[in-house]
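Participant: One-letter residues, chain by chain:
Protein chains: 2
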Amino acid sequence: MRLVSYLNKAFKSNNNNNNFGSLSKLLIVFSLSGGGLVAYSESQSSSVTNNTEVEKALKHKKKVVVLGTGWASTSFLKDLDISSYDVQVVSPRNYFAFTPLLPSVTCGTVEARSIVEPVRNIIKKKNGEIHFWEAECTKIDAANKKVFCRSSIEGNLVGKNDFSLDYDYLVVATGSEVNTFNTPGVKEYCHFLKEIEDAQKIRTSVIDCFEKAILPELTEEERRTNLHFVIVGGGPTGVEFAAELHDFVHEDLVKLYPMVKDMVRITVIQSGDHILNTYDSRISTFAETKFARDGIDVQTGCRVLGVSDKEVKVKVKCTGENVSIPHGMVLWSTGIATRPVVKDFMDQVGQGNRKVLATDEWLRVKGREDVYAIGDCATIDQRKIMEDIGAIFDAADKDKSGTLTVEEFQEIIDDILIRYPQVENHLRDKNLSSVTDLLNDPEGNARKEVDIEGFKSALSQVDLQMKSLPATAQVASQQGTYLSSCFNKMELAKTLPEGPRRFMSSGRHDFLPFRYKHLGQFAPLGGEQAAAELPGDWVSMGRSTQWLWYSIYASKQVSWRTRVLVVSDWTRRFIFGRDSSRI
Amino acid sequence: MRLVSYLNKAFKSNNNNNNFGSLSKLLIVFSLSGGGLVAYSESQSSSVTNNTEVEKALKHKKKVVVLGTGWASTSFLKDLDISSYDVQVVSPRNYFAFTPLLPSVTCGTVEARSIVEPVRNIIKKKNGEIHFWEAECTKIDAANKKVFCRSSIEGNLVGKNDFSLDYDYLVVATGSEVNTFNTPGVKEYCHFLKEIEDAQKIRTSVIDCFEKAILPELTEEERRTNLHFVIVGGGPTGVEFAAELHDFVHEDLVKLYPMVKDMVRITVIQSGDHILNTYDSRISTFAETKFARDGIDVQTGCRVLGVSDKEVKVKVKCTGENVSIPHGMVLWSTGIATRPVVKDFMDQVGQGNRKVLATDEWLRVKGREDVYAIGDCATIDQRKIMEDIGAIFDAADKDKSGTLTVEEFQEIIDDILIRYPQVENHLRDKNLSSVTDLLNDPEGNARKEVDIEGFKSALSQVDLQMKSLPATAQVASQQGTYLSSCFNKMELAKTLPEGPRRFMSSGRHDFLPFRYKHLGQFAPLGGEQAAAELPGDWVSMGRSTQWLWYSIYASKQVSWRTRVLVVSDWTRRFIFGRDSSRI
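So the sequences go chain by chain: A and B. Following my numbering, the numbering of the first sequence begins with 1 at its first residue and continues without gaps. Following my numbering, the numbering of the second sequence begins with 1 at its first residue and continues without gaps.
For reference, chain A alone in the conformation it holds in the complex (with noise of 0.2 Å):
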């Protein structure tokens, strides 16, 4: 028995409850290659009932279909129990990439390999089979229940690339695409950072920007220009990467080529006031302090206008000057947009004018019963309380007066506190310590019954604090588990919902709509300094985040081998540095 297995074996508990498994938390100790890391691993295993004789009751298993290989996908696939499912699965990527280390692999501290699992390993099942193929979906056919694909596979081998698979069930879990805003040449001359490729074309990249700036017979100019690094955008992504590269050069580079080693230029340029400026302001403040320390130009309130193979040329705001930028490389980095299948999608069922895929809270398409969209590819569409107020109202005055009172408000409180989670937001904004404090008058006295008018006027604001979730792999993965916990539920969700009161029609929800736990966020800022909110508004900062940083991502990685050679991949830059190799 290999060693994986047996660990595996180890750390699997093997109890039958249909919930999200039992968690089973350790501590290792690596001590690979000469160094030592500590990795606190949270193993969350995944236990799915082994039933034969449900197996056979269920005569035609409904069939599933799962769009992508991403966090949403795979952590849905992770918990799904298969016994009552045929799982089919198609992605253009065999493999599930841990996609926040991707700054680490543009530069070399973490290999390309050692965060990436075959997505068969990911999906294999002791009950059963869950079929992937390795190709694209084209269309989406909604009024048919089909999806339409192409494996993406050229050469030379022999059969049909294009097939179709009929659906009963369609998870759409395909991620975004880069946002260019239209900006024009940013499509022919930038590097963008979502995909595993993306990373290993920059990691070549900035070796060829620096083997062509040492060649002879070169002016200095032409060295400087070509060792100019612009990153557009200064959110999390493009942040890493200028740290990363920052380090690189610093630690590594400089040292192979000596002769170019102070023309060497990393510039940062964002639209907003701030760079990370959806973190905390103090982790903002302190990576732009710890930017003009490093050497990093960071040119806040400047739009780029567009990239041309030499040149940047943005607009200054303050000024309202156009300013051209010479390069060598630009990371583009700014934002996400729909796929072209899911817009087509969109027009198909109805949300042609929306910007992006809209769900309601289940994760379901608005306007299908039967395909659920989680990810970067879909947002929450959260049903505002003001549409359904009269119905509220209707719902909670059971003597039918006309008038609340406290007593009927208190007996809809907690569905209400489930279906609008904005409600929660709002009482927190207000300091209110309870929600019947919401029917107070507007002088802050307690009032015994309110009419309908003032029931509106007491929720008025209540949607205001309606908040769209990021579009990060923390949301894509509680998505995924979510949502294999309400298929895993599906048929007993029938006879016994979970879910909250439904104010517009009677009976309740089958299962509790998706709430969001934001587990906190990192910022690393190269130099073994990281910045971190974490639950609680608790920042940290410095060298003993980063520590934090480098445990918490070994423990999140989805398998025992990338989580080894990551470890081991950071213990090798510590030792050897990083390797400048043009491959």
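There could be a bad hint or two in this list.
[Unchecked claim] Each computed DSS-like pair below joins lysine-lysine, with the alpha-carbon atoms no more than 25 Å apart:
1) A:194 - B:201
2) A:125 - B:261
3) A:255 - B:261
4) B:63 - B:343
5) B:255 - A:125
6) A:261 - B:125
7) A:255 - B:124
8) A:261 - B:160
9) B:194 - A:201
10) A:255 - B:310
11) A:78 - B:255
12) A:124 - B:261
13) B:126 - A:255
14) B:160 - A:201
15) A:160 - B:201
16) B:310 - A:160
[Said to hold, decoys possible] Now the stretches of chain B that chain A is said to cover, found in silico as 3 or more residues with beta-carbon under 8 Å:
17) 133-140
18) 144-155
19) 205-216
The set of hints was computed from the structure by calculation and includes no laboratory data. Glycine included, every Cβ here is placed at the ideal spot set by N, Cα and C.
Fit chain B to the given chain A structure using the hints.
Facilitator: Only chain B this time, still in chain A's reference frame:
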């Protein structure tokens, strides 16, 4: 101080002799991530005279240009004392690749990055700088002592891609290219295995074959065709790839692609009667038996007539039949050919009608005093003793008696043995115990003296024993080391020549001619079995040989970094298997 520099320091003896440096041997126990591996490392230190006096004296350092960064070039540069040379290296690859492990890279047993080392790391010197330019030499201008180079970096970077370098000495070590023998379709439809990129392409192609074969809507025949891997050439590369592929398929892929596991076929096509026909026949038989047991189809006595995208056309020699073999992938590994830039140079130096660039025994290109050629790009044209027979006789016949006595012959024997190594081969072949036995009469009786005709007939068979050297890493590496020692002694040799007597003129040659020392060869055959031919006609086969192979290949790595990486790759493979992500 980084661990690696500490280790380097610990293993470098700082003695000041100008020879090959002292040999420090070291037994290391790598205990990495759960597995253990004993690697026997032979670390040969380069000793460099850090003599600033000498440096001052040499106002005009001789310009040395080295083409290539393979085995020959890097072993030359590693040991070169640059206090008296201004060295520039030109190669399209900014790294050295440990090519004997290329077949392992094709299937991910070892990662590409584990077997490469930036050439700038290898050529770093304490007492000066060796310049490296990532560019390809496009033309050697022998008359003007110039090389023209072009950087292959494409894209947006500014500055000239072309430049030229003047040289006083040129070292050509550009290696060879693949020999297609003008077989139609080979360039278009076959994979090769000479560069890192080739190995990486093969790896994704193998995965492509599986991903395509498993797609829905393919017929069984189509699946079988896509999973038919054909290897043309039964030499070490082809055999090792077949073995690696077999292991990859049967140890890793069958678990991930269970649906098609019985449809995989591997075929080796060999024109000769046996695979591994440059090895001892016991090894070749062992390999054939093992392959038959593994289900690898070996087709001997077949000549490939052409390759198309779907088929390999083969002529079966014994029946004269033409057969078409459908394939999913073809690896072409049959032999080597001269690169165009070397061919053009050969035309300039009067070697236009030769197939391979010829050097003398001192590795100087024939016809040029200032150009050396080492490694696969050249072959040593060993001087025939019969060409010089008259001069040798005259030189030996000191009393000008017209006859050669045994005593007179004995005086020049040492010089003959050094100058004409075929004499020693001849003695061994004929089981003669002493060189003077050569002068025996045809019946084998000792003679006191011989005349010129007797001398000629005594040596007439000797030249049949001339052997050309194989195009291996071992030969290239020894040539590089030899040439660096010549360069390091260049000044000294002018006053104190160490070579054998010149028979055609007076005096002695500056240096001893290059002599290859065969240290044996390996053939890993998969399933943890290998065969080895070791010095002294010792043949070893089986599991223990595979472990010997691991040890020696680990010890031969150029840097501590690659050594640790290669060993940890092997360990990782034992624990987790190979990765099948298509990246």
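Participant: Would the hint linking residue 160 (chain A) and residue 201 (chain B) be met if the CA-CA limit is 25 Å?
Facilitator: holds, 23 Å
Participant: Straight-line Cα separation of residue 194 (chain A) and residue 201 (chain B) no greater than 25 Å?
Facilitator: At roughly 22 Å apart (the allowed maximum being 25 Å), residue 201 (chain B) and residue 194 (chain A) satisfy the hint.
Participant: Quick one, are residue 255 (chain A) and residue 310 (chain B) close enough, alpha carbons at most 25 Å?
Facilitator: violated, 49 Å
Participant: Against the 25 Å threshold, does the CA-CA distance of residue 261 (chain A) and residue 125 (chain B) hold or violate the hint?
Facilitator: holds, 18 Å
Participant: Does the structure keep residue 124 (chain A) and residue 261 (chain B) at a Cα separation of 25 Å or less?
Facilitator: Distance ~16 Å between residue 124 (chain A) and residue 261 (chain B) Cα, so the pair holds.
Participant: Would you check the hint for residue 78 (chain A) and residue 255 (chain B), treating anything up to 25 Å between C-alpha atoms as holding?
Facilitator: Measuring from Cα to Cα gives roughly 18 Å; hence the hint holds.
Participant: Mind checking the alpha carbons of residue 255 (chain A) and residue 261 (chain B) for me, to see if they're no more than 25 Å apart?
Facilitator: Not satisfied, since the Cα-Cα distance of roughly 49 Å exceeds 25 Å.
Participant: Apply the coverage criterion to the segment 144-155 of chain B and chain A: a residue qualifies when its Cβ sits closer than 8 Å to a Cβ of the chain, and three qualifying residues are needed.
Facilitator: It holds, with 3 qualifying residues against the three required.
Participant: Hinted pair, alpha-carbon criterion (25 Å max): residue 63 (chain B), residue 343 (chain B). Please report holds or violated.
Facilitator: holds, 24 Å
Participant: Hey, residue 261 (chain A) versus residue 160 (chain B), does the alpha-carbon distance stay inside 25 Å?
Facilitator: This hinted pair holds, its Cα atoms lying about 20 Å apart.
Participant: Taking 25 Å as the top limit, are the C-alpha atoms of residue 126 (chain B) and residue 255 (chain A) close enough?
Facilitator: holds, 13 Å
Participant: Within a Cα-Cα threshold of 25 Å, do residue 310 (chain B) and residue 160 (chain A) meet the stated pairing?
Facilitator: holds, 14 Å
Violated hints for the displayed structure, listed by number in ascending order: 3 and 10.
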